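Peer 1: Heads up: the sequence lines are chains W and A, in that order.
Position 17, counted from 1, in the first sequence is what this note's numbering calls 17; the numbers after and before it change by one each time, with no gaps.
Position 31, counted from 1, in the second sequence is what this note's numbering calls 31; the numbers after and before it change by one each time, with no gaps.
Everything labelled a hint here was simulated from the structure, so no lab data went into it.
Be a bit skeptical, because a hint or two may be false.
What the hints assert, rightly or not - In silico lysine-lysine, DSSO-like type, Cα no more than 30 Å apart, as pairs: (1) K11/W to K251/A; (2) K2/W to K251/A; (3) K19/W to K200/A; (4) K2/A to K9/W.
Stated by the list, open to error - Covered stretches of chain A (in silico footprint by chain W; criterion: 3 or more residues with CB under 8 Å from a CB of chain W, positions within the stretch not fixed): (5) 92-102; (6) 117-123.
The structure presented is a predicted model; accordingly, all values stated were derived computationally and were not measured.
C-beta atoms are modelled at their ideal positions from N, C-alpha and C, and glycine is treated no differently.
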Amino acid sequence: MKQSFITPKPKAILGAELKWLLATFGVLVIVMVVSSLFLNTITNASQTELTALVSKQVELTQKQTEMTSELTRLQELAVMRELVSTTNRLRKENVKNFFDLVPNDVVLTLAEFREGTLRLKGQTQSIKRFKNGFERSLKSLFKRSSTQFKKSKEGGYTFTNISIVEVK
Amino acid sequence: MKFLEALLPKVYITLIPIEMGTQLYGELRKHSKVLKRFDMQLFEQKSELFVAVQRLKRESALSYVALLENEADHGLFIDDGVVELSSIEKVNVANAFELYLRKDDLHERQKAFKTIGLDFIFSPFSLLYNFYEKRIRSNDGLYLLLEEERMVAAVMKNGVMLFSEQHGMQEALHLVDTTKTIDVYVETIQKVIKAFYERKVDETMFIEKLFIADTIGFDITLENRLEEVLFVEVDKQNINLAHELVLLSEKELV
Numbered sequence: 001m002k003q004s005f006i007t008p009k010p011k012a013i014l015g016a017e018l019k020w021l022l023a024t025f026g027v028l029v030i031v032m033v034v035s036s037l038f039l040n041t042i043t044n045a046s047q048t049e050l051t052a053l054v055s056k057q058v059e060l061t062q063k064q065t066e067m068t069s070e071l072t073r074l075q076e077l078a079v080m081r082e083l084v085s086t087t088n089r090l091r092k093e094n095v096k097n098f099f100d101l102v103p104n105d106v107v108l109t110l111a112e113f114r115e116g117t118l119r120l121k122g123q124t125q126s127i128k129r130f131k132n133g134f135e136r137s138l139k140s141l142f143k144r145s146s147t148q149f150k151k152s153k154e155g156g157y158t159f160t161n162i163s164i165v166e167v168k
Numbered sequence: 001m002k003f004l005e006a007l008l009p010k011v012y013i014t015l016i017p018i019e020m021g022t023q024l025y026g027e028l029r030k031h032s033k034v035l036k037r038f039d040m041q042l043f044e045q046k047s048e049l050f051v052a053v054q055r056l057k058r059e060s061a062l063s064y065v066a067l068l069e070n071e072a073d074h075g076l077f078i079d080d081g082v083v084e085l086s087s088i089e090k091v092n093v094a095n096a097f098e099l100y101l102r103k104d105d106l107h108e109r110q111k112a113f114k115t116i117g118l119d120f121i122f123s124p125f126s127l128l129y130n131f132y133e134k135r136i137r138s139n140d141g142l143y144l145l146l147e148e149e150r151m152v153a154a155v156m157k158n159g160v161m162l163f164s165e166q167h168g169m170q171e172a173l174h175l176v177d178t179t180k181t182i183d184v185y186v187e188t189i190q191k192v193i194k195a196f197y198e199r200k201v202d203e204t205m206f207i208e209k210l211f212i213a214d215t216i217g218f219d220i221t222l223e224n225r226l227e228e229v230l231f232v233e234v235d236k237q238n239i240n241l242a243h244e245l246v247l248l249s250e251k252e253l254v
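Build the full structure now, drawing on both the sequences and the hints.
Peer 2: Printed below as a string of structure tokens:
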């Protein structure tokens, strides 16, 4: 309800000193906001970089683990290779030794060694000499050894021997 | 800025011109509550008044100076074609009637108080209306504002002002005999009622009830005399004119 014949003049609530104070405060606020934004940007960049470094570290650790595993595997393989090499050498020697065991009156027509089993076929003139000589040697080398004889047309005997190496 | 204004207390300064000078009163208020009152002072010299007003203004960043206009040509506006509209300033009261003030007087008053700057100039009829606002809506009759130097009278019907008049009462209070003083006031009220009937504003309206806003503090004798002489029902209330002016100023800002 307006009952006055005049209307009031606009009031200057803020005095000059207060205006100056508010302006200063405003400038300070702006400076603080800008500084805060700047620092936030730097912090965010550092954070991103740190995250990348952490990822890299994880990646490198994984690679190191893989390399260690690979190294271990290779070391194991080297040991195995050495073992295989040694075994093969031993076997070669064994085979050489084995043929040295074959007496003069025994003729081998087949010698096959597969999966721990030695199969021999051949001819002999005397079963008795075979058993006392060659078979005794086989039984000392293999865990089990069995021989079957068959009389041949030419005189003498054909034999088939199966010897099994002990599996440990 | 409105938000800031709502947070601050406001100092309302009122000026009531009387024969001897100007009465100065002030209240510091916030959200319709009085925080501080400043005693009524009378200043004969304008220069002293202005110094006192400036001192009061320092009580708050928001200060409003209101003047009660009771010297100029003013009152209820009746569009009878005689008054030149360009020469008057009008205010609408409750969309029911209009009060006017001659522009020359308005400018003169603003010029006279230019040093301190006036924010409001109110008619005493506005003040009377606002003091009785709730009653006026349901009570027809003659509403009076009794001051030491003048009497303001308004006939109200259905919330509308039909008739207004004011009379100078400077001589009445100088009488030594209180009974004679009362007689002068009663006679003046009688004159007002007679003038209302003679003006034939509303021939169906009879003054049966008087509502008196009394700034002087008359005792029951006035009411008794009026009831005896005029055969009317009288309802008298004391009024603090300066405080009511503060309330009117506060209302104006809402």
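Peer 1: Now look at each hint and say whether the structure bears it out.
Peer 2: Against the structure, the hints:
1. For the hint pairing K11/W with K251/A, the CA-to-CA distance comes to about 17 Å; that is within 30 Å, so the pair holds.
2. At roughly 8 Å between alpha-carbon atoms, K2/W and K251/A fall within 30 Å of each other, so this suggested pair holds.
3. For the given pair, K19/W sits about 61 Å from K200/A by alpha-carbon distance, which is inconsistent with the 30 Å threshold.
4. At most 30 Å may separate the alpha-carbon atoms for a hinted pair to count; K2/A and K9/W meet this at roughly 14 Å.
5. Given a C-beta distance limit of less than 8 Å, the hint that chain W covers the segment 92-102 of chain A holds, as 5 residues qualify and 3 suffice.
6. With a cut-off of 8 Å between beta carbons, the segment 117-123 of chain A has 7 residues touching chain W; three or more are needed, and the interface restraint holds.
In this structure, only the earlier hint numbered 3 is contradicted, and the remaining ones agree with it.
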